[in-house]
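Asks: Here is how the chains run, residue by residue.
Number of protein chains: 2
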Amino acid sequence: MTCPWERRYAQRMQGMGSSVIRELLKLTQQPDIISFAGGLPAPEVFPVERFKQASQRVLETHGAQALQYSTTEGYLPLREYIVKKMCRYGIQANPANILITNGAQQALDIIGKILLDPGDVILTEQPTYLGALQAWRSYQADYVTVPIDEEGICLDERFVEALRAGPKFMYILPNFQNPAGVTLSLERRMKLVQIANHYGIPIVEDDPYGDLRYEGEHLPPLVVLDAEYQENQTPDCNGEGFYQGDVIYLGTFSKTLAPGLRLGWILAPENVIQKCVMAKQGMDLHTSSFTQMVAYEVAQDNFLDEHKTVIRQTYKERRDVMLAAMAEHFPLGVYWTRPEGGLFLWVTLPEWMDAAELLEKAIEYKVAFVPGLAFHPSSAKTGHNTCRLNFSNAQPDQIEEGIRRLGMVITMAMDEHKAKELMAV
Amino acid sequence: MTCPWERRYAQRMQGMGSSVIRELLKLTQQPDIISFAGGLPAPEVFPVERFKQASQRVLETHGAQALQYSTTEGYLPLREYIVKKMCRYGIQANPANILITNGAQQALDIIGKILLDPGDVILTEQPTYLGALQAWRSYQADYVTVPIDEEGICLDERFVEALRAGPKFMYILPNFQNPAGVTLSLERRMKLVQIANHYGIPIVEDDPYGDLRYEGEHLPPLVVLDAEYQENQTPDCNGEGFYQGDVIYLGTFSKTLAPGLRLGWILAPENVIQKCVMAKQGMDLHTSSFTQMVAYEVAQDNFLDEHKTVIRQTYKERRDVMLAAMAEHFPLGVYWTRPEGGLFLWVTLPEWMDAAELLEKAIEYKVAFVPGLAFHPSSAKTGHNTCRLNFSNAQPDQIEEGIRRLGMVITMAMDEHKAKELMAV
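Line by line, the protein sequences are chains E and Y. The opening position of the first sequence corresponds to residue 1 in our numbering, with each subsequent residue numbered one higher. The opening position of the second sequence corresponds to residue 1001 in our numbering, with each subsequent residue numbered one higher.
Because the hints were derived from the structure by calculation, they are not lab data. Virtual Cβ for every residue (Gly too), placed ideally from N, Cα, C. Mixed in with the good hints there might be a few duds.
Where chain Y lies over chain E, by a calculated footprint (3+ residues, C-beta under 8 Å) [as the list claims (entries may be wrong)]:
| no. | stretch |
| --- | --- |
| 1 | 41-54 |
| 2 | 58-67 |
| 3 | 275-283 |
| 4 | 289-297 |
| 5 | 330-338 |
Cβ pair distances, simulated, as ranges [to be verified]:
| no. | chain 1 | residue 1 | chain 2 | residue 2 | range |
| --- | --- | --- | --- | --- | --- |
| 6 | Y | Pro1043 | E | Cys87 | 33 to 41 Å |
| 7 | E | Pro77 | Y | Gln1300 | 52 to 60 Å |
| 8 | Y | Pro1043 | E | Lys26 | 13 to 21 Å |
| 9 | Y | Pro1031 | E | Gln11 | 27 to 35 Å |
| 10 | Y | Ala1165 | E | Asp156 | 49 to 57 Å |
| 11 | Y | Pro1043 | E | Pro77 | 31 to 39 Å |
| 12 | E | Pro77 | Y | Gln1056 | 48 to 56 Å |
| 13 | E | Glu228 | Y | Pro1031 | 36 to 44 Å |
| 14 | E | Tyr199 | Y | Lys1420 | 43 to 51 Å |
| 15 | Y | Glu1150 | E | Asp301 | 34 to 42 Å |
| 16 | E | Pro77 | Y | Glu1401 | 27 to 35 Å |
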């Protein structure tokens, strides 16, 4: 007897399903595996004690409010806090420009809901964030992708070609991009904003790692450059909100505070936020009052700034250990990015190598990563020989050992390939 | 200069927007208004002290886990707890049948995502839950509605007529329905399950108030009756999961523990849950690890059972106060339901009266409710003379005073109407 539910699912579900990579990644959760596959923060740096105090204070002083329904927009003091925080980046916003979401992932879903009709095209970096592809697949979006190099998305003829597809918006991760770890240069940021304004194509700027820079200088977010650009172009645009620009900026507390809270935010022109609020109301009414109030309490007295210093030290060390180990253990012919911040770096294997096959072998040797194909829309015919490594979660000695094993597995694959070539000759 | 964003929104956003009722309801949030408009639990009964202890214990014993990313399915001990809880209702489930959601509202959104294509028809009670209409409007669903009476949805020729529209599923709130407060009788429950099976139309059973019965006998949920029905019909259906039936059951902690946590769940056949998990992954990765673990900790040692006794006492008293005050203050020609549980009752005004106009007047006298039109899909041409009253949130003396004012406002409107009729003669 076949299950009648199979005939009941919506068309959009056909695009979603178990992938080979997802099945492989389940294996990486075995406890004895050194996994570079996830995107998890280091649990050692979670400020557990501070959370204990904050939870007590919230429940003591606003217990009933923390446990009651609240507004869809989010806890006002937290939104005011975010406005102040963003102000330091040069973003002039007010709380009407902010919507609190369940992590930045929900922000992506909301953006899909308010902007995407089936068949709409999104321009993304190649590779790009897996979770965005997942979120927007359910809105039956199509993709055009543009390769990145060490300075981020390539604004050359390939970009111009992609624009011809008439994208609904561009999705850009400017800082320490997930998965590739590269950062968009200032020159390209300015050019991208000009193009967005010239063609009237909005930008969704996803910035989960902006606070986690370990070296080099802070670069202004696209939303700031856009505001500056718009001010010069249309000084009398609109008095409401902070700006009527073309950028939707996404932020999160997941990487600086704790992902288990599920707290992120959308910063956008006020009329866009109003649409987002309408959408979110039907999606889950609002984000947990309790977690919002606890996060606000934890962040008080500049705690978050001090805490970010600790995180940066920890992750910088782990990145350095990983880079040093790769230099030592990876064979010739393998290349990788050198991120100035964030959680990830990107490895390019020889063209003939298949990263998914390599992962199968790696799991035997108790080390794991994510094959690069996962970060490409299914329409992209590239990326089979790439992989993403996370350096924030494993401890330094584990990183060292994991990279040693991975180097060994890659070397073995290369040796085998060479042997086969010789046989064929 | 017009804002370019207006041209960018997805088609589904056209169905969403500010309504007259929504604008009116904003006025009901003034602090000096006695509001029967919301659906808020009584903050006096929140177990704040218990939450304080639970938060401490969670952070002390599993701090890093509570703050870290976790699985989309939800915290396993909480899912096991729900399985045990549901077992008392006669539902044989296992954790693979459960997905934790951000309140039952997210469950509605997920169901829309996995089941609804644009133009799909949903069969609902008339009136029905406003939040479900909001959630599914964004999937561009159509509705057929069937009136309810004191025994719930009417399974007569109007129901048969509605079935001809070929609904994708039926949406039923069997216990102390929101908004009308009525309960589906056992006879109709059994008939509904038979019909669902006969026509192969699944049921989405929304049961937020099932635990809040103040009098009368507990009635089995549709999911239990369906499982029993299926067992007789197809004994060898499938060994996996608890059943391969046609009901998706929605539960929540919002009414028994605290809505500010945003915790609900979906109970469904395992293959349906798998689709829900895929959808939720793209929507927000997972529900807050912290709130799930705190809720689990709070619920330990039968606390939730004891606590429900307190809630039931409090709400029963408030319901009784409201019913007594209505009997005293409402004029002849006004009718209302007498709910055996839940949070709401339903008032039917004379046919000529417009509840939205009445609300305007009521707000002047500092009392508020929700006009019944809000609980009808826009295609329904009925309900203008109805309203929903909440009795859980205001304190007894406020309920007494609010109903006195409301009775006065209704009486004035009726007197004015009579005077106009006399003038016209």
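Asks: Now look at each hint and say whether the structure bears it out.
Replies: For each hint, the structure was consulted:
1. With 7 residues having a Cβ less than 8 Å from any Cβ of chain Y, the stretch 41-54 of chain E passes the three-residue criterion, so the hint holds.
2. For the stretch 58-67 of chain E, the stated coverage by chain Y is satisfied: 7 residues place a CB nearer than 8 Å to a CB of that chain, which reaches the threshold of 3.
3. Requiring three or more residues with a Cβ within less than 8 Å of a Cβ of chain Y, the coverage given for the stretch 275-283 of chain E holds, as 6 such residues are present.
4. Counting residues of the stretch 289-297 of chain E whose C-beta lies closer than 8 Å to any C-beta of chain Y gives 4; at least three are required, and the coverage claim holds.
5. Coverage of a stretch by a chain is defined here by at least three residues with a beta carbon nearer than 8 Å to that chain's beta carbons; for the stretch 330-338 of chain E and chain Y the count is 0, and the condition is violated.
6. Take proline 1043 of chain Y and cysteine 87 of chain E: their Cβ atoms lie about 34 Å apart, and the range 33 to 41 Å holds.
7. A beta carbon spacing of about 32 Å between proline 77 of chain E and glutamine 1300 of chain Y contradicts the range 52 to 60 Å that was offered as a hint.
8. Range check, proline 1043 of chain Y to lysine 26 of chain E: Cβ separation about 43 Å, and the 13 to 21 Å hint is violated.
9. Between proline 1031 of chain Y and glutamine 11 of chain E the C-beta distance comes to about 47 Å, which lies outside the given range of 27 to 35 Å.
10. Evaluation of the 49 to 57 Å hint for alanine 1165 of chain Y and aspartate 156 of chain E yields a pass: the beta carbon distance comes to about 54 Å.
11. Against the hinted window of 31 to 39 Å, the Cβ-Cβ separation of proline 1043 of chain Y and proline 77 of chain E comes to about 19 Å, which falls outside the hint.
12. Checking the proposed 48 to 56 Å range against proline 77 of chain E and glutamine 1056 of chain Y shows it is violated: the Cβ atoms sit about 23 Å from each other.
13. Taken as a hint, the range 36 to 44 Å holds for the pair glutamate 228 of chain E and proline 1031 of chain Y, whose Cβ atoms sit roughly 42 Å apart.
14. At about 60 Å, the beta-carbon gap between tyrosine 199 of chain E and lysine 1420 of chain Y misses the expected band of 43 to 51 Å.
15. The supplied range of 34 to 42 Å is broken by glutamate 1150 of chain Y and aspartate 301 of chain E, whose beta-carbon atoms lie about 58 Å from each other.
16. Against the hinted window of 27 to 35 Å, the Cβ-Cβ separation of proline 77 of chain E and glutamate 1401 of chain Y comes to about 32 Å, which satisfies the hint.
The structure does not agree with the numbered hints 5, 7, 8, 9, 11, 12, 14 and 15 stated previously, though it agrees with the rest.
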